[in-house]
Amino acid sequence: MDFLNALVVLANFVLIPAVSYGSQLALGALGVTLVYGILRFSNFAHGDTMAFGAMVTILFTWAFQAFGLSIAPLPTALLALPFGIAVTAGMMLLTDRWVYQFYRRHKAKPIILVMVSLGVMFILNGVVRVIIGPGEQRFNDGARFIISAGDFKKMTGLSEGLAFRSSQGLTIVVTLISVAVLFWFLNRTRTGKSMRAYSDNEDLALLSGINPEKVVRVTWIIAAILATTAGVLYGLDKAFKPFTYFQLLLPVFAAAIVGGLGNPLGAIAGGYIIAFSEVTLTYAWKKVATYMLPDSLAPDGLAQLLSTDYKYAVSFTILVIVLIFKPYGLFRGKAV
Amino acid sequence: MIRVENLHKHFGGFRACDGASIEIAEGSITGLIGPNGAGKSTLFNVIAGVLPPTAGTVYMGGEDITGLPPHELFHKGLLRTFQIAHEFASMTVRENLMMVPGGQSGETLWNTWFRRGQIATEEAALRRKADEVLQFLTIDHLADEKAGNLSGGQKKLLELGRTMMVDAKVVFLDEVGAGVNRTLLRTIGDAILRLNKERGYTFCLIEHDMDFIARLCDPVICMAEGKVLAVGKAQEIMQDDRVIEAYLGTGLKSRTKAEAPAG
Numbered sequence: 001m002d003f004l005n006a007l008v009v010l011a012n013f014v015l016i017p018a019v020s021y022g023s024q025l026a027l028g029a030l031g032v033t034l035v036y037g038i039l040r041f042s043n044f045a046h047g048d049t050m051a052f053g054a055m056v057t058i059l060f061t062w063a064f065q066a067f068g069l070s071i072a073p074l075p076t077a078l079l080a081l082p083f084g085i086a087v088t089a090g091m092m093l094l095t096d097r098w099v100y101q102f103y104r105r106h107k108a109k110p111i112i113l114v115m116v117s118l119g120v121m122f123i124l125n126g127v128v129r130v131i132i133g134p135g136e137q138r139f140n141d142g143a144r145f146i147i148s149a150g151d152f153k154k155m156t157g158l159s160e161g162l163a164f165r166s167s168q169g170l171t172i173v174v175t176l177i178s179v180a181v182l183f184w185f186l187n188r189t190r191t192g193k194s195m196r197a198y199s200d201n202e203d204l205a206l207l208s209g210i211n212p213e214k215v216v217r218v219t220w221i222i223a224a225i226l227a228t229t230a231g232v233l234y235g236l237d238k239a240f241k242p243f244t245y246f247q248l249l250l251p252v253f254a255a256a257i258v259g260g261l262g263n264p265l266g267a268i269a270g271g272y273i274i275a276f277s278e279v280t281l282t283y284a285w286k287k288v289a290t291y292m293l294p295d296s297l298a299p300d301g302l303a304q305l306l307s308t309d310y311k312y313a314v315s316f317t318i319l320v321i322v323l324i325f326k327p328y329g330l331f332r333g334k335a336v
Numbered sequence: 001m002i003r004v005e006n007l008h009k010h011f012g013g014f015r016a017c018d019g020a021s022i023e024i025a026e027g028s029i030t031g032l033i034g035p036n037g038a039g040k041s042t043l044f045n046v047i048a049g050v051l052p053p054t055a056g057t058v059y060m061g062g063e064d065i066t067g068l069p070p071h072e073l074f075h076k077g078l079l080r081t082f083q084i085a086h087e088f089a090s091m092t093v094r095e096n097l098m099m100v101p102g103g104q105s106g107e108t109l110w111n112t113w114f115r116r117g118q119i120a121t122e123e124a125a126l127r128r129k130a131d132e133v134l135q136f137l138t139i140d141h142l143a144d145e146k147a148g149n150l151s152g153g154q155k156k157l158l159e160l161g162r163t164m165m166v167d168a169k170v171v172f173l174d175e176v177g178a179g180v181n182r183t184l185l186r187t188i189g190d191a192i193l194r195l196n197k198e199r200g201y202t203f204c205l206i207e208h209d210m211d212f213i214a215r216l217c218d219p220v221i222c223m224a225e226g227k228v229l230a231v232g233k234a235q236e237i238m239q240d241d242r243v244i245e246a247y248l249g250t251g252l253k254s255r256t257k258a259e260a261p262a263g
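If you're matching them up, the sequences are chains E and C in order. All residue numbers for the first sequence refer to the UniProt record's numbering, where the first residue is 1 and numbers rise by one. All residue numbers for the second sequence refer to the UniProt record's numbering, where the first residue is 1 and numbers rise by one.
It cannot be assumed that every hint is accurate.
What the hints assert, rightly or not - With a straight-line Cα cutoff of 30 angstroms, these simulated DSSO-like cross-link-like pairs (lysine-lysine) come out:
1) 197/C - 233/C
2) 107/E - 129/C
3) 214/E - 76/C
4) 287/E - 311/E
5) 326/E - 286/E
6) 169/C - 76/C
7) 214/E - 227/C
8) 233/C - 129/C
9) 227/C - 107/E
10) 214/E - 233/C
11) 197/C - 214/E
12) 169/C - 197/C
13) 287/E - 154/E
14) 326/E - 197/C
15) 286/E - 153/E
16) 311/E - 326/E
FYI, nobody ran anything at the bench for these hints, they're computed from the structure. Please read all numbers here as calculations on a predicted model, not as lab measurements.
Take the sequences, apply the hints, and build the full model.
Pasting the structure below:
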């Protein structure tokens, strides 16, 4: 019984939160990695693109709620997501035309493009705050739990409860679908193959008659889809606050780099590695230890390795370690 | 077919092409030779739209194509290969070939989802064509191999195969024989001759192997220091004093001349 209780506690506080957080990071990192692979620069504006996408989706959600439109028990935000994606994709394409295209034409060095993306990041930062404000927004409606802690206790008779929030379930399902579609797209369709070809060897792709502008456009659209989805899922799971999305940039980049920049499979693995490290290192293990260990060994303190305030330090540390020992990432990516 | 007029390409103070004018006749296999640093590859890069010229004009069949981007030149039938073979390393040989004709209907996001039938028909046709090309080049056993795993010579064949996936008009081959063994070089030479005869491709190739040049090319253009030095049949060019001088330097030449009467 104690063992089962320990397992339930572990699942409740570590497994499920880490898997859903990891999925959100993976979606974010996929966007970063695709842009890096094809446009060849680290897009620092990606975190704020997630914020922008989530913001537009929230605005649409509020509009739908005002009209009484609902797809309960699913959150209305899911209905608003396609609209959020469309607006974000439009914004990205305009940004590309007004900003990035100029530098591409002049064959600017990657570091210049990184600085440009930093500028775009600041502008998006401001735009989001002007439109929706810097405060926290909750837009999660529909059923809150797939399984609530109380129901679980009643069902199993265990003394520990397992809560599985619908936002977590939704995150996992949506991530699975997006990743499957993305990989099918990259490996099986002509458009995806031209993107891979362009990423493999730009010169040759050009000399094979592949239109680079088209590849770039498609890349931005896919980045917008991934960023908006990741942003909305994160917002549903926790809450929407522009500054949090800016902070997310670090774990997202850590995930992409740990997996190997430019390698989509690596981005997913990286997302889960970062999420699991963050959650396990900042979790107080006292309860699990009390169940698992004999009474005499039970810890008096919280058995927490790091305060949750330091969770971003975890991704940073992993990033540094990976860059020292495996600079191309766990799955070989492109040279940075 | 291709006419280059007074082409200049300067990199800072260095004049890689310094007023080169060449003409490539339709249906010919034109050889481009010259010592290292003569500006041959730069000339190729400017014609193929990779580098913008500092000055000068490139015409293709009377049309001014100066400075057009590579993918547009591709659609006009102007293709090139690289000195160091390029390939899409993460794709199979067949996929590499199937990438080639740009502008397929599967290239837009819309068609990817909503025109699946049309794309499937196109891909099936491409696949057949790719297999034909592989057979022609005698590397059909490598169809499902990742292109990154090919040997240097096989990559060169793949480069040539890429030009066969579309109806090219004029193909620029940059040192197609570099680092390729004799047997494979013969295969490549045969393929070039057959493409020239059977499909009417015009070729222009940079090569250092004089036997290869002599077997395939007429006329041969010799460049040195960014300018065209001499144009003519392979045999004439190889005996031209200016060409020998450019290759061997004046010191050597004066010695050979001095020794000639004695010998």
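message: To test your reading of the hints: which numbers does this structure violate?
response: Checked against the structure, the hints that fail are numbers 2, 5, 7, 8, 10, 11, 14, while the rest are satisfied.
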